[in-house]
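Novice: Here are the chains, one letter per residue:
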Amino acid sequence: MSCTTLFEQVLDPDHRADPYPLFAQLRRQPVCRQADGTYVVSTHAEIARLVADPRISSEDLPDPQKFRWTGHPVTDLLVRPIRAEIRRRHQPFIFRDPPDHDRLRGLVMRAFSPERVRGMREETRQLTDELIDAFAEKSRIDLVDDFSYPLPVTVICKLLGVPPEDEPQFQGWATQLSTALEPNQRSDEATQAKNEQCFTEISAFLRDLIAKKRKAPGDDILSDLATGGDGAEDEPERMNDFDLIATAVLLLVAGHETTVNLITNSVLTLLRRPEHWERLARAPEIAPRLIEEMLRFEPPVQYRTRLAVADIPIQGVTIPKGAPVVLLLASGNRDPARFTDPDRFDPDRPDNRHLGFGGGLHYCVGAPLARIEAEVALVALARRLRNPRLVADPPPYRPGASLRGPRHLCLDLDGVTGA
Amino acid sequence: MSAPLRGAPETILIVGASLAGLAAAHALRAQGYAGALTLVGDEPHLPYDRPPLSKQVLRGQFCDDTTLPRHPDLRAAFRLGTPAQSLDLDARAVTLADGARLRYDRLLIATGTRARPWPNPDEAGLADVFTLRSRDDAARLSARLRAGPRRVILVGGGFIGFEVASTCRDLDIPVTVLVREGAPLSAALGPRLGGWVGGIAREQGVDLRLGAEIERMEAPGGRLAAVLLKDGARIEADVLVAAIGTVRNVAWLDGAGLAADDGGVTCDGYGRVLRANGDIVAEVFAAGDVARWPNPHQDERLVAVEHWGNAQAQARTAARNMLAGPAAGLIRHDHLPDFWSQQFGRTIKLVGLADGADSLAIVHGSLAEGRFVALYGREGRTVAAASVDSARWLPAYAAAIRERAPFPPFEGAVDQPRIRIEEP
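From first to last, the protein sequence lines stand for chains R and U.
Using our numbering, you'd call the opening residue of the first sequence number 1 and step up by one each time.
Using our numbering, you'd call the opening residue of the second sequence number 1 and step up by one each time.
Since the hints were made in silico from the structure, they are not lab data.
Among these hints, one or two may not hold up.
Here are the in silico distance ranges between beta carbons for each label pair [to be verified]:
| id | chain 1 | residue 1 | chain 2 | residue 2 | range |
| --- | --- | --- | --- | --- | --- |
| 1 | U | Gly60 | R | Arg407 | 54 to 60 Å |
| 2 | R | Ala136 | U | Asp389 | 52 to 58 Å |
| 3 | U | Leu68 | R | Asp188 | 52 to 58 Å |
All C-beta atoms in this analysis are idealised placements derived from N, C-alpha and C, irrespective of residue type, glycine included.
If we strip away everything but chain U, and leave its shape as in the complex, we get (with noise of 0.2 Å):
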C-alpha cells in the first residue's frame, strides 16, 4: 500500500476529455469540489456524445453537433488537442505533447479507446477507406454516404458495424458485410441471438457474409474498386469500413509503471489504479473504456466494459472516492453492465454479460414476433438479460443478475410463455 493520502485535493487533473472525464468532473463539482480542476484532451473537440455517430449523424439528421451539456458552474480548464505524453507518478505530474507539465493531487486516467486501425497500411491509408470512433471520422463517413457511393463494405461484426450497416440502408445504399466468425454480434449476444439479428439485417437487403475475411483490395489509382476474399469471392465497392473493435490508449503510459496493458489500465474495486507490482496507486484513478477492474457480477474477473453507462458510473464513483477522505470509505464499482444499440429498426439492449454463457431462454416474447426478452445463464446463475424491443421488464431481470438468483430467476410471469432452455 502507498502512503494513506493526507488533506483535500486542491488539484485535480483528468486525462481524457470524452464521456468519462465530463461526468467524472461534473461529480466532482457537485460533491462540493471546489479546487483546480483541469480535463486534457487528444482531439480539438470539447466533450460530445459518440453513440449519435453511427446512427444519426451518419444519417445527416439534425444533431451533428452531440456536444454535451457542460453545467454553467463546472468551472473547468479544457487542454484540447493536446494529447497526454507521459506520467510521472513520483513527482504526480503528466506531461503533455506540446511539453506543458501538469502537477496533480489527484488524477483520473479516462483516455479511452481508438478505432482499431486497418491492418494493412497501405490499405488503410486509401482515402476510401474509414474507421468510426470520433466526430471527424463520422463527418467523413457522412459525407461520402451522402454522395452516394455504388457499395460501402462492412467489415466486422460488431455492434458499430451493424449499426452502421442499418444506417446505410437507411439510406438505401448496397451493403455487404463482412463477418469473420460464424454468426454477428456473437461477442456480446452469442451465436443464437446474433445469427437472428443476422437474419434481420439480410431480410433489410444487407448482403451478409459469415466466415468471410479479406484477403487483399483492390484500388487502381488509390481508388477502391473491390475486395478479394480468402474464399476467391470478389466484392465491388467504393466504400470500405473497418469496425474491427478498439485498441486502448496507454502508450502514454509506458514507463510509467502502471499495471496498463492492450487490455487497459488495472485498478481496485474503487477505481484506484495499480503499480506493475500491484500497488494501489491512492491518488491515481480510471474510469471508462480504459479502465479494467475486478468486476463484482463476474466473479471478480478483471473486466473492461466499453459502454456508455459504465463510462459514467464508474466516472462518478471514481470522483467520489476521489475526495473520499481518510475517515470516509471508498465505495465499490458495482455497476451491472448495461448497453443499447438501434439497428435495422429495432432497439437491443442488454444487462449483464453474456459472454462465458451456457444457456438461453427466451423468457418473454419471442424470436419470430421480433419483440422478445432473453436470460442467459451460466453454472445456474442468471447473468445477463437481452431484449429487443421490449425492454420494460430489463430492470426485473437486472435486479435478478445483481442478486444472482437462479436460471431461470422465475417463471409463469406476465407475458411469459413456457420457458425452453436452449443453447446461447
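Here chain R stands alone, though its shape is the one from the complex (with noise of 0.2 Å):
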C-alpha cells in the first residue's frame, strides 16, 4: 500500500487505541509524502536530524479565524484587527523561532527552576494520596476524571500561583485550549471560535492576576515572570503583558492535557502487563527508568508540526520550502533501528533515548516536572489500588491524535490500602 494517506488513518478516531501498526508501515519510507502535501517524518535518525535543522519553522500556526462581520464597524475594522495582529506577534514561545523563542524560554527556564520543581515533590505526593483515599468507598473509578485530570492541573496552578479558588476555572480552559496544540483540532473553524472565547477569558483573568503579582509577588512563576524576577531590574529582561499571557497559557495547557495522558496510559499500560504493575508496587526504585520507557512506548505528544522554511534534501526525497512537516515522535521511538525490540515494554531497556519529550530547541520545558508527577502518581496509585482491573480495553479515547489518551479510563477496585 502506498503510504500516501496513512497518516490520514493515523488521524482517523478510529485507529486512536493502536497507531502504531500504521507507524511500522509509515517508517518503510522514512520521509514520506501524502496526498495533502504534507511529509510524514517517522524514523527516528529522521526526526533527530529535522530538530536540529534551521530549515524547520516552529511558527506553523493556520491562518487566523476567517473574517466574519458582526456590523460593529468599531469591532470588526479596529479591535478584531488589532487584536488578531497581537495574537500573532505574541504566540508562545513553542509555536515560536528564535531568537525570539530564545529569549522567552531563557526567562521560563529561569523561572521554572529546578529547585521549584523539585519542591513540588512533597506537594505532589500529598495531593496524589488525598485523591486515592477518596476511593475508599468506591468498586469502580475513572482513573481520568478522578485522579489524572485533577492531580495536574493542581500541580500547575499552584507553580504559576494561581489562587486554590480559581484552579477548577482554570482546569476548565485548560481542556478547551489545548485544542490549540492539537493540530488536527485547531484548524476546525468551531473549535477556533471557542478557543478565542476561551482565550478572552483566560487572558482577562490573567491580566488582572498579573497586576496583583506584580504588587504583591509570591514565590511561584507568575511573578517571577511579572516583575523579573530576582533582582533583574533591566526592562528587557522581563516579558511583556502580552508575551506572558501567551505563557502561561502555554504553561498551563502543555503542563496539564500532556501528563494526564502520561499518567494514564502508564497505568493502561501497566494493567495490561500486570507483572509490571506489581513489579512498581514491590521496587519503586524503578520508577524512574519505568517511566523513560513508557515515554518511549506510549508518549502522550504523539506528534509535532513543522513547517519547512527551505527545501530539505533527505533520505533520497527533498521537503519542498512551504510543505508541512509532522514529526512522528511515537513512531521514532518505535523505530527498530533505533531500539532493540522496539514494541515490547521493557523498563530495563538500556540506551533509551526516546522522544517523548521531543528534541532540539523545543525539548519538553516541563520534562523535570512530569517525570516527578508521573513517579509520585504511579508509585502511589501501584502501592495502593487494590487487585484494579480495566473494565473496557481498549478505552475510550480523546479525539486528539497527537495529545493522545483515555477520555475516560474506568477500573474496577477492591478498595484501597492506607497512605
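Starting from two chains that each stand alone, build the complex the way the hints lay out.
Specialist: And the structure:
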C-alpha cells in the first residue's frame, strides 16, 4: 500500500487505540509525502536530524480565523484586527523560532527552576494521597476524571501561582485550549471560535492576576515572570504582558494535558502487563526507568508539526519549501533501527534515548516536572489500589491524535490500602 | 601489500595511554576481543582528559583529577611511566625504555603530541617559563597562577593560549598575549573570526599584541622579569607560557621503517600505517593526534587532526579494523573534524576544516550580537561551520559539509539574516 494516505488513517479516531501498526508501515518510507502535501517523518534518525535543522520552523500555525462581519464597525475594523495582530505577534514560544523563542524560553527556564520543581514533590505526594483516599468507598473509578485530570492541574496552578479557588475554572480553560496544541483540531472553525472566546476570558483573568503579582509577588512562576525575578532590574529581561499571558496559557495547557495522558497511558499499559504493575508496587525505585520507557512506548505527545522554510533533501526525498512537516515522535520511538525489539515494553532497556519529550530547541520545558508527577502518582497507585482491573480495553479515547490518551479509564477496585 | 592477516589476534599492544589509546581499548573489549591487552604510557598517570587542563584545572576549580573513566571489565595491563623506545616491525615487538620487549599481533600507535618547547633552551629552562600539555604541567602552572603573578605573558595565537589567557582574566591576573600573525586563531578560524575573538579578549582586559615576536627574555638571578620584543617594546612579567603548538611523538619510530615524520605517522584510510616505501603494514594502526590519513572531507589530503572527538572516533575505527578478519570489510575513518573551545565566557565550536577556505558567510546571528554561526566555503562548496554560543544548528551544517553541499547550502532558514559572502 502506498504511504500517501497513512497519516490520514493515523488521524482517524478508529485508529486511536493502536496507531502503532500504521507507524510501522509509514517507516518503510522514512520521509513520506501525503496526498495533501504534508511530509510525515517517522524514523528516529530523521526526526532527530530535523529537530536540529534551521530549515524547520515552528511558526506553522494556520492563518487566524476567517473574517466574519459582526456589524459593529469599531469591532470589525479596529478591535478584532488589532487583537488578531497582537495574537499573531505574541504566540507562545512553542510556536516561535529563535531568536524570540530563545529569549522567552530563557526567562521561563529561569522561573521554572530545578529547586522550584523539586519543591513540588512533597505537594504532589499529598495531593496524590488525598485523591486516592477518596477511592476508599468506591468499587469503580474513572482514573481520568477522578485522578489523572485533577492532579496535574492543581500542581501547575500551584507552580504558576493561581489561587486555589480559581482552579476549577482553570481546568475548564485548560481542556478547551489544549485543542490549540492539537493540530488535527486547531484549524476547525468551531474550535477556533471557542478557543478565541476562552482565550479572551483567560487573558482577562491573567491580566488581573499579573497586576496582583506585580503588587505583591509570591514564590511562584507568574510572579517571577511578571517582576523579572530576583534583582533583574533591566527592562528587556521582563516579558511584556502579551507574551506573559501567552506563556502562562502555554504552561497551563502543556503542563496539564500531557501529564494527564502520561499517567493514564501508564496505568493502562501496566495493567495490561500486571507483572510490571506488581513490580512497581514492590520495587518503587524502578519508577524513573519505567517512566522513561513509558515515554518511549506510549508518549503523551505523539507528533509535532513544523513548516519547511527552505528545501530539505533527506532520505532521497526533498521536502519543498513551504511544506507542512509532521515529526512523528511516537513512531521514532518504535523504530527498530534505533531500539531493539521496539514493540516490547521493557523498563530495563539500556540507552533509552526516546523522543517522548521531543528534541532540539523545543525539548519539553516541563520534563522534570512531568517525571516527578508521573513517578509520585504511579508509585502511589501501584501500592495503594487493591486489585485494579480494566473495565474496558481498549478504553474510549479523546479525539486528539497528537495529545493522545484515554477520555475515560474505568477501573474496578477492591478498595485501597492506607497511604 | 603485506601478506594477509591470518587468525584472530591474541595480543594487542597500544602505545600511548591517553584518550585515543583508552578509547581503542574500550572499543576492542566492546567488540568482544578477549585476548591480552596492554597500554604503554610515558606519563606515570592513568589515562586522563586534557581539555579541562587549560580551564577548570587551571582555575583551581573541582576536577584537578581528570582521570578518564575505565570500564570495570577493561582487563588491560598498563605500563605507565615507561615510554616506548623502538619498534621492530619484522619481529612484531616494541621495546620500552626499561628494556622490556612487548610482542604484539596487532599494534596501535597513539603516542600523540607534546607541547612544542620554547626554542631558546636557556629561556625554556627558566622556572617561570611554562608549557601546557600534561596534567603535571597544569598543576605547576595552576599553583603559580594562584600565587598571584604580576603579569602573565602568553606566546602563541592558538586555542590553548587563548584559553589560558581567558583563565588568567577569570583569576584577575594581568595578561599579555603575543601573536606572531596578524590575527589570533587564524589557522583554525581564519583572520576574520580570529580577529573577532581577539576583540573579545581585548574587551575583557587582555593586552593583545599582534605581529609580536620575542627578541629575548630578561631573567636576572634566574627569575623572569621582562621580555623584549623585536619591535623594541619591553613588557614586565614574571610568568611566561609558551603555547606555540605541538610536536608529534614519533622519535621512538626512528629506524622502524615507517612513513613517519614531524607531520605524523602516515596511515591509509582504514588506519593502517604505511612503510616509508608506501606498503601497508596490515597489523599496525595509528590513531589520534599522531596519525595522518587521507581525509575524505579534504579531497583525500593527508591531514592529522588534533581534536578530542577525532582521537576517539579514529581509535574506534582502528579497533574495529584490527579485529576484522580477512572476510569482513574494513571501515574507513570518515569522521568529520570537530572541536570546541571555551574562552572569555563563550563557547566556540567548529566542524570541518576551515583552512584553505576562500569565503565566509554569517548564516545565523551576527558578530555584533556575539552569537552566530559562520560558514566557510572553498571553490563553491561548504567546508566548515563555526559557531559562537549557538551550536544548535551545527548538525545540519555538518551534514551539508559531509554532502559537499554548495556554499552556502541553503537560504531563508530560521533565524537567518540575508547572507552576505565575505573574505574569511
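Novice: Is the distance from the Cβ of Ala136 of chain R to the Cβ of Asp389 of chain U consistent with 52 to 58 Å?
Specialist: Hint holds: Cβ distance 55 Å, inside 52 to 58 Å.
Novice: Does the hinted range 52 to 58 Å hold for Leu68 of chain U and Asp188 of chain R at CB?
Specialist: holds (56 Å)
Novice: Could you check the hint for me, namely that Gly60 of chain U and Arg407 of chain R are 54 to 60 Å apart, CB to CB?
Specialist: The hint (54 to 60 Å, Cβ to Cβ) holds, given that Gly60 of chain U and Arg407 of chain R are roughly 59 Å apart.
Going through the hint list in order, the structure satisfies each hint without exception.
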